[in-house]
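2 protein chains.
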Amino acid sequence: MRVSATLPDSELPRQWYNLAADIPHALFPPLAPDGSVLRPEQLSALFPETLIEQEASSQRWIDIPEEVLEILARWRPTPLVRARNLERLLNTPARIYYKNESVSPAGSHKPNTAVPQAYYNKLAGTKRLTTETGAGQWGSALSFASAQFGLECQVFMVRSSYDKKPYRKVMMQTWGASCVPSPSPRTRAGRKILEAQPDSPGSLGIAISEAVEAALEDSSGKTHYALGSVLNHVMLHQTIIGLEAKRQLALFGERAPDTIVACVGGGSNFAGLSFPFIKEKIDGADIDIVPVEPASCPSITRGLYAYDFGDTAGMTPLLPMYTLGHTFMPSPNHAGGLRYHGMAPLVSAAAKQGLLRPQSISQVECFSAAVQFARSEGIIVAPETSHAVAQVIREAVRAREEKREKVILFGLSGHGLLDLQGYAEYFAGDIANMSLSEDELNASLASLPKVGPAL
Amino acid sequence: MRVSATLPDSELPRQWYNLAADIPHALFPPLAPDGSVLRPEQLSALFPETLIEQEASSQRWIDIPEEVLEILARWRPTPLVRARNLERLLNTPARIYYKNESVSPAGSHKPNTAVPQAYYNKLAGTKRLTTETGAGQWGSALSFASAQFGLECQVFMVRSSYDKKPYRKVMMQTWGASCVPSPSPRTRAGRKILEAQPDSPGSLGIAISEAVEAALEDSSGKTHYALGSVLNHVMLHQTIIGLEAKRQLALFGERAPDTIVACVGGGSNFAGLSFPFIKEKIDGADIDIVPVEPASCPSITRGLYAYDFGDTAGMTPLLPMYTLGHTFMPSPNHAGGLRYHGMAPLVSAAAKQGLLRPQSISQVECFSAAVQFARSEGIIVAPETSHAVAQVIREAVRAREEKREKVILFGLSGHGLLDLQGYAEYFAGDIANMSLSEDELNASLASLPKVGPAL
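As given, the protein sequences belong to chains A and B, one line each in that order. Everything in the first sequence is counted per the numbering used here, starting at 1 for the first residue and increasing by one. Everything in the second sequence is counted per the numbering used here, starting at 456 for the first residue and increasing by one.
No lab work stands behind these hints: they were computed from the structure. In this text, all values refer to a predicted model and were calculated from it rather than measured experimentally. Here a beta-carbon is modelled for each residue, glycine too, at the ideal position from N, C-alpha and C. Treat the hints with care, as some may be off.
[As the list claims (entries may be wrong)] Using 20 Å as the maximum straight-line C-alpha spacing, the simulated SDA-like pairs for lysine to any residue come out as follows:
1. B:Lys701 with B:Asp713
2. A:Lys122 with B:Arg543
3. A:Lys122 with B:Arg539
4. B:Lys807 with B:Ala879
5. B:Lys577 with A:Arg88
6. A:Lys127 with B:Lys619
7. A:Lys164 with B:Lys619
8. B:Lys619 with A:Glu217
9. B:Lys905 with B:Val492
10. B:Lys701 with A:Pro166
11. A:Lys122 with B:Leu544
12. A:Lys246 with B:Asp713
13. B:Lys701 with A:Ser10
14. B:Lys677 with B:Gly580
15. A:Lys164 with B:Ala879
16. B:Lys701 with B:Pro908
17. A:Lys164 with A:Val3
18. B:Lys858 with B:Lys701
19. B:Lys582 with A:Leu89
20. A:Lys164 with B:Gly580
21. B:Lys619 with A:Gln421
22. A:Lys164 with B:Arg457
23. A:Lys246 with A:Ala424
24. B:Lys619 with A:Arg84
25. B:Lys577 with A:Lys127
26. B:Lys619 with A:Ala424
27. A:Lys164 with B:Gln876
28. A:Lys192 with A:Pro166
29. B:Lys577 with A:Arg255
30. A:Lys246 with B:Lys619
31. A:Lys279 with A:Asp258
[Stated by the list, open to error] Taking CB as the label site, the calculated pair distances span:
32. A:Gln353 with B:Asn546: 19 to 25 Å
33. B:Glu466 with A:Ile282: 47 to 53 Å
34. B:Glu895 with A:Phe252: 36 to 42 Å
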């Protein structure tokens, strides 16, 4: 009985897949703050030209540079594993597969885009990268990737995560990066938040404002900003996950999966696994594609599809996306990587065009699912990933009730070995579900900027 | 340029290699405390029959059960990676390869033996396993493996590590195990130590005494003990590492390596990588095989080859091994997994028979090497593994000085993501080298039992 499909390194994908080439209805463009269509060169203070080109590209396949492959090949292709023990535990007729991205040096899928972003920056002469991080997975990954190319790296880390996970900053420091809790007094955006709320737990939106400001204030042009999710080029780089998974499912003798599940915050993990399969769905395959978000930060399931800023201070272009409003302050749940007000424009477009079935789950169910998974399959997943695990268990139980043999593929985006405080609180009974009232949601949605067309 | 060799899962080894079949001079047998040769059945209160058979076996190849392969295949074969960035950094003509065992769910090589040990115990009707752990890698691995087979697991963890690494116990708890700091008041052995030294930092030898006592006190026979190193059957299970590495080196077009480096505490990581190559050396290949131990716990480089107990309280059989004396209290250096007074009998025999070139290194050099490795190759290694990295850097620098193209293979036994406190102290300048004086060593060697023949 085959339990895993390890692709030889010679089977590493050589091109990324760009969903923008195939999405049925045209994408809305990003806008400048005055409502005009953003010109690509307006991004040049933040990103190198190649990434800006990829951001706007509608080319279906884009070559992965050899220098990037050389680094990714240290741990890629990642394993695709059949979760036989979980299937037995749930007594389900479903066949469950997980794509294990936790084997990367940073412990998650994030290096898949951190490495090419650092590479293209290095080529363009960048000396220093700034970024934000929620749970720490992205900040760790960019620190790792920056070290590979000799770039300096400064990470603004959401304070609630920074305080809960003291070892994340040691990890980044080991890779030579610096890590600053956000909001910080180092930026105008940070100081403004701290004046209003000195004990602010921070948010990804605030941290993005700080990192963007820190990049822009270096007038030499040698400092660039890097984003770990949301943007089209980030989704593009992550598609290596789904491309590998397709080949590996074939080694198990499976055709297309019936159901694909992945957690979703800014969108990169979900996009990476699902976009190559969304293409199959557009081409006629019957695949149920389920992004899962926290009930306390439900941008697709309860947000609006509208133009909004990517950050809290309103320094980024306006993006067409599902959003809770850029001033939304997510509750300090443990899945720091999913605490983001918006959703990647490409993921949002796929949802809006009816290609996805978004779900939201509360964190007690997620931790319970994660413990079941750890004891059956052995991997202690990140709190973000636990949302996918919880949804998979729901699907597998339903398959049992319906006596239906189905194939479920899910994205194991990262391990939780730097997130064990959350597990400790769960075992101590100190984890609560966090709800979001209609009033809170409406107050935040009222912050939506009054520019751009209605979508 | 090839950077990694990923074997397809169909190439997973199906048999373990047993060095006992090939070691040139016969092995000395274990002895009972009275000096008589130990009869295998005297171990039956601790281990299931299959493991006892493997312990005494001189059969060269031993089949790996399908049920064990099913679990190992979730992450095996592990990657063999060429350390191109480290080579560039050191400007060395050496070609450096590392076998990356950090991708297992527990983050180290330890599950390679934890899984078969749990499996054979399950087959034999065992309900509960007890064990000890130093840094926590073995305790985590046995917790993981026990969960796979529905066994209870109790781990006695050396207190100095327990206090430094609070998340290790959360990790074990997530897998359903319990973790007790050692010395503990739960056992006679622990109480005796605590009476003499209430703030004892503990040692692997003490924790072994406690775990053995906890297994023996259950008269139902449903509780067994599991050891993560030292014994022949543990070495056997780890040889899957070296067997894979041999096939992977061939994929790179390399013949045998010139130099093999691995850190060594009880011996399992070193044995796992090197034993299949020691066979080649016995058959005539010219391979320099280097086990590396901490300068503060130098059992092969400064200990005696003699019969000694495996634990501090003298509850285990007497084993023929390099030892610092079973009452040796290693300094609380960060490589908790290497803080053991003895050395596996098979590794000791290989050293005594001139097949190895043992080295010891102090911890400041090890942390410095680990940071160089993290910034060049991207993996934050465990403090144990840093000893191998430091030796590899020495060898690579020597190759540069000698202008010699050589092939160095080393064992990356685990990641250090649960050991970041050590890195934090290193960055803060709070890491010191710990020496071992002749007087301390002689006092400890005076504890050697006066039974058995001189070796």
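Does the structure keep B:Lys701 and B:Pro908 at a Cα separation of 20 Å or less?
-> With a Cα-Cα distance of about 38 Å, the restraint between B:Lys701 and B:Pro908 is violated, given a limit of 20 Å.
Pairwise hint evaluation, A:Leu89 against B:Lys582, where the allowed Cα distance is 20 Å at most | OK: B:Lys582 and A:Leu89 at ~19 Å, within 20 Å.
Please work out if B:Lys701 and A:Ser10 have their alpha carbons no farther apart than 20 Å.
-> With a Cα-Cα distance of about 18 Å, the restraint between B:Lys701 and A:Ser10 holds, given a limit of 20 Å.
For the pair supplied as a hint, A:Lys164 and B:Gly580, is the alpha-carbon distance within the 20 Å limit?
-> violated (42 Å)
Pair hint outcome, B:Lys858 versus B:Lys701 [Cα-Cα no greater than 20 Å] | violated (25 Å)
Agreement of A:Lys164 and B:Arg457 with the hint, judged by alpha carbon distance not exceeding 20 Å = Since the Cα atoms of A:Lys164 and B:Arg457 sit roughly 40 Å apart, the hinted pair is violated (cutoff 20 Å).
Starting from A:Lys127, check that the Cα of B:Lys619 is at most 20 Å away, please.
-> Roughly 36 Å separates the two Cα atoms, so the pair is violated.
Distance restraint between A:Lys192 and A:Pro166, which requires alpha-carbon spacing of 20 Å or less = Distance ~25 Å between A:Lys192 and A:Pro166 Cα, so the pair is violated.
Should the hint that A:Gln353 and B:Asn546 are 19 to 25 Å apart at their CB atoms be regarded as holding?
-> violated (54 Å)
Please work out if B:Lys701 and A:Pro166 have their alpha carbons no farther apart than 20 Å.
-> violated (40 Å)
Keeping to a limit of 20 Å between CA atoms, is the pair of A:Lys164 and A:Val3 held or broken?
-> Cα-Cα ~36 Å, so violated.
Straight-line Cα separation of B:Lys619 and A:Arg84 no greater than 20 Å?
-> violated (36 Å)
Hint compliance for this structure: hints 4, 6, 8, 10, 12, 16, 17, 18, 20, 22, 23, 24, 25, 28, 29, 30, 32, 33, 34 are broken, all remaining hints hold.
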